[in-house]
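Colleague: The chain contents come next:
There are 2 protein chains.
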Amino acid sequence: MTRIAESTVRRLSHYYRVLEEVEAEGGRLISSHRLAQREGITSAQVRKDLSYFGSFGRRGLGYNVVHLRHEIRWILGLDRRWRVALVGAGNIGTALLSYRGFAQQGFEVTAVFDRDPSRVGQRVGDLVVQDVSRLAAVAAEQAFDMGVIATTLASAQQVADALVAAGVRGILNFAPRKLFVPAHVALRTVDMAVELESLSFALSQARGPRRRVPGRGGSGGGR
Amino acid sequence: MTRIAESTVRRLSHYYRVLEEVEAEGGRLISSHRLAQREGITSAQVRKDLSYFGSFGRRGLGYNVVHLRHEIRWILGLDRRWRVALVGAGNIGTALLSYRGFAQQGFEVTAVFDRDPSRVGQRVGDLVVQDVSRLAAVAAEQAFDMGVIATTLASAQQVADALVAAGVRGILNFAPRKLFVPAHVALRTVDMAVELESLSFALSQARGPRRRVPGRGGSGGGR
DNA sequence: AGTACCGTGTGAACCTTTTCACAAGCGACC
DNA sequence: GGTCGCTTGTGAAAAGGTTCACACGGTACT
Ligand SMILES: NC(=O)c1ccc[n+]([C@@H]2O[C@H](COP(=O)([O-])OP(=O)(O)OC[C@H]3O[C@@H](n4cnc5c(N)ncnc54)[C@H](O)[C@@H]3O)[C@@H](O)[C@H]2O)c1
Ligand SMILES: NC(=O)c1ccc[n+]([C@@H]2O[C@H](COP(=O)([O-])OP(=O)(O)OC[C@H]3O[C@@H](n4cnc5c(N)ncnc54)[C@H](O)[C@@H]3O)[C@@H](O)[C@H]2O)c1
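In order, the protein sequences belong to chains A and B.
Counted from 1, the first sequence has number 63 at position 63 by our numbering; the numbering is strictly sequential.
Counted from 1, the second sequence has number 33 at position 33 by our numbering; the numbering is strictly sequential.
It should be emphasised that the hints constitute simulated quantities derived from the structure, not laboratory data.
In this text the structure is predicted, and so the values were computed from the model without any measurement.
Possibly wrong hints are sitting among the right ones.
If several chains are the same, the list does not tell them apart, and a pair holds so long as it fits within one copy or across any two.
[Unchecked claim] Listed below are the simulated EDC-like cross-link pairs for lysine to aspartate or glutamate, each with C-alpha atoms no more than 20 Å apart in a straight line:
1. Lys48 x Glu25
2. Lys178 x Glu195
3. Lys48 x Glu6
4. Lys178 x Asp131
5. Lys178 x Asp126
6. Lys178 x Asp79
7. Lys178 x Asp161
8. Lys178 x Glu39
9. Lys48 x Asp131
10. Lys178 x Asp116
11. Lys178 x Glu141
12. Lys178 x Glu108
13. Lys178 x Glu25
14. Lys48 x Glu141
15. Lys178 x Glu21
16. Lys178 x Glu6
17. Lys178 x Glu20
18. Lys178 x Glu23
19. Lys48 x Asp79
20. Lys48 x Asp116
21. Lys178 x Asp191
Please construct the entire structure, taking both the sequences and the accompanying hints into account.
Modeller: Shown next as C-alpha cells:
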C-alpha cells in the first residue's frame, strides 16, 4: 500500500466533522459531491481520499453517514484514548486545558508540567501543575502517547528531547521553531505567526513589485 | 510572474526567523546550505524559494544576513503595521491578546469584540472588550486590515461575514470549520484538532490493517 | 594574471498530488 | 426484466512542487 499524503489525512479530519454534523442533522446518506461542497473541494478529491482506505460507498447512492464516520474514526485512530502530557502552563497551555473539545475526541491531557515555581502546584482544570523535572517519573507511571509543547521558544527543543526520552511517539508543538526529533516520533507544529505572515503576504501582493534603487544590483549589502 | 506557492511563503517565514537568530548571534553571511540545515530542508529549496523574488545572494559567498532579512521582511509585508480585530475573548482570544510576539512583528490588535454581556466591558491587556454589534462602527474608525476569529464554532461563519462586511482583507480563523469568504479575502485556519488527529493517524499506522468481518462487503451499513 | 575553490541561480528531471473522465454498480420505476 | 438516472471507484492526464546538476560569477591566494 502506498504512503498516505499528509493532505489526505487532514481532509479526513474535515470529512469527519462534516459527517458528525450531517449525522446530527439526521442525514443518513451523503454523496461525495455534497460532502465536497461543504468543504469547498471537488468530489473526485473526496472519493480519491477515501479510496486509499477502502470502498465505503454504494454506487448510485453515496455513503452511509454513520458507517463512513466510524470508518474514518477508526482510520484516524480516534476510537481510543490518547494520553497527552502538556508542558508549559502559560497562556496557550491553560487555554488548551480549559478546552473541552479535545477530551471529546479522545485526547486526554493527564498531566501538566511547568518549570516556573510560581506555577507548579497550582490547579488548572482538574490537574495540578507539576515540576517539569518530574516528567520522566510521571511518564513511567502514565505512559504518555503524545506531548504538547506550549513553553517559551528557548525551551522548546529541550522539552522535545525530554518528551522523546519519556517515550512519547507524537509531539504537538506551539513554539515557532523547527524542532528536531527522531524519525519514529511524529511532529506537528502549529505556528500562528506563520499563518499571520502568510496573510500579510497575501495582503501585500496587491502592492507593486519592489521599487529598486537605480544603479544597484540585487546582491548588495555586503561590504 | 508565476504565482507563489503557499508552501514557499511559509518557508519564507521560517527563513526570516532563522535570519533573526543568526543576526543576533552576530553572523554576517549565510549560505543556502546552512540556512537549509537549520530548517531541515535542502539548499536547493532555499535558493528556489528566494529566486522567485530576486537574486539576493552573491555567488561563492552566500547571503548577507541583514540584507536578506530585510528583503524577506518586505516580501512578507512585515515592514508595516497591520490593524487586527479580534472577535471572541474566550480562552484562545485572551491567550492571543496576552502574547507580545505578534505586536513585535507588526500585527497590532486594536479592538476586541465578544457577544457575551459578562465579557463586554472587561479589560483584556490594554483593550476593553466591546460588544460585537459595534464591529461595523469601530471598523469605520479603525479600518482593520485583518480579523481573528476566536469564537465558538457555531458563530464562526457569521463572524466571518461580519468581518468581511467590515472591510477586512484577511481572516485568521481558530474555529474548526471550513469558512466561506469572497475571493478577495485571504483566509487561513489554525485547526488544532486537525493537527492532533494527524498525530493520532501517524501513531495508529503502526497497527495492522482493519480486521474485517468475513462475508461482508466494504460498502455495507445501508439498509 | 592565473588558478582553485565556493556557492548562487535556474532549466530540466523527477516526484507528488489533484483533476478528469468513464466503466460499472445500484435503486427505482415501468 | 429492461431501461434510466445517479454515484462510486479508479486508471490516466494534468498540474504543482521539489530536487538535481551545472554554468556562471565571485573571492582568495599565489
Ligand atoms: N500565546 C499566544 O497567543 C501565542 C501565539 C503564538 C505562539 N505562541 C507560542 O507559544 C508558546 C507559549 O506561549 P505562551 O504565550 O503560552 O507563553 P507563556 O510565557 O505564557 O507560557 C510559557 C510557559 O512555559 C513555561 N516554561 C518555559 N520553559 C519551560 C521548560 N523548560 N519546562 C517547562 N515549562 C517551561 C513557562 O514557565 C511558562 O509558564 C511560545 O513559544 C510562543 O511563542 C503563543
Ligand atoms: N481553547 C482551545 O484550546 C481551543 C483549541 C482548539 C480549537 N479551539 C476553537 O477555538 C474557538 C474558541 O475556543 P475557546 O476555548 O476560546 O472558546 P470560549 O468559549 O472560551 O470563547 C469563545 C468566545 O467567543 C464568544 N462568542 C461566541 N459567539 C460570538 C459571536 N457571534 N460574536 C462575538 N463573540 C462570540 C463567546 O462569548 C466566548 O467569549 C472555538 O471555535 C474552539 O473550537 C479552541
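Colleague: Work down the list of hints and note, for each, if the structure agrees.
Modeller: Now the hints, each set against the structure:
Taking identical chains as interchangeable, the C-alpha atoms of Lys48 and Glu25 are never at most 20 Å apart, the minima being 26 Å within one chain and 48 Å between chains. Both within a single protomer and between protomers do Lys178 and Glu195 lie at most 20 Å apart by alpha-carbon distance, with minima of 15 Å and 16 Å respectively. For the homomeric pair Lys48 and Glu6, the shortest alpha-carbon distance inside one copy (14 Å) is at most 20 Å, but the shortest distance between copies (23 Å) is not. Neither within a single protomer nor between protomers do Lys178 and Asp131 lie at most 20 Å apart by alpha-carbon distance, with minima of 25 Å and 39 Å respectively.
For a Cα distance limit of 20 Å, the shortest separation of Lys178 from Asp126 qualifies neither inside one copy, at 31 Å, nor across copies, at 31 Å. For the identical chains of this complex, Lys178 and Asp79 are neighbours neither inside a copy (30 Å) nor across copies (24 Å), given an alpha-carbon limit of 20 Å. Taking CA atoms no more than 20 Å apart as the test, Lys178 paired with Asp161 passes inside one copy only; the shortest distance there is 13 Å, against 35 Å between copies. For the homomeric pair Lys178 and Glu39, the shortest alpha-carbon distance between copies (6 Å) is at most 20 Å, but the shortest distance inside one copy (30 Å) is not.
In this assembly of identical chains, Lys48 and Asp131 lie within 20 Å of each other by CA distance neither inside one copy nor across copies; the values are 47 Å within and 45 Å between. For a Cα distance limit of 20 Å, the shortest separation of Lys178 from Asp116 qualifies neither inside one copy, at 24 Å, nor across copies, at 38 Å. When the C-alpha separation of Lys178 and Glu141 is checked against a cutoff of 20 Å, the pair qualifies neither within a copy, at 29 Å, nor between copies, at 39 Å. Proximity of Lys178 and Glu108 under a CA criterion of 20 Å is satisfied in neither setting, with 25 Å inside one chain copy and 25 Å between copies.
Taking the shortest Cα distances, Lys178 and Glu25 sit within 20 Å of each other only across copies (17 Å), while inside one copy they are farther apart (41 Å). Within a single copy, Lys48 and Glu141 get their C-alpha atoms no closer than 42 Å, and across copies no closer than 48 Å, so neither meets the 20 Å cut-off. For a Cα distance limit of 20 Å, the shortest separation of Lys178 from Glu21 across copies, 13 Å, qualifies, whereas the shortest one inside one copy, 35 Å, does not. Taking CA atoms no more than 20 Å apart as the test, Lys178 paired with Glu6 passes in both settings, with 18 Å inside one copy and 18 Å between copies.
Taking the shortest alpha-carbon separations for Lys178 and Glu20, only the inter-copy value of 14 Å comes in at or below 20 Å, while the best intra-copy value is 34 Å. Taking the shortest alpha-carbon separations for Lys178 and Glu23, only the inter-copy value of 17 Å comes in at or below 20 Å, while the best intra-copy value is 39 Å. For the identical chains of this complex, Lys48 and Asp79 are neighbours neither inside a copy (23 Å) nor across copies (42 Å), given an alpha-carbon limit of 20 Å. In the homo-oligomer, the alpha carbons of Lys48 and Asp116 never lie at most 20 Å apart, since the shortest distance is 48 Å inside one protomer and 43 Å across protomers.
In the homo-oligomer, the alpha carbons of Lys178 and Asp191 lie at most 20 Å apart both inside one protomer (10 Å) and across protomers (19 Å), since each shortest distance falls under that limit.
Hint check: violations occur at hints 1, 4, 5, 6, 9, 10, 11, 12, 14, 19 and 20; the rest are consistent with the structure.
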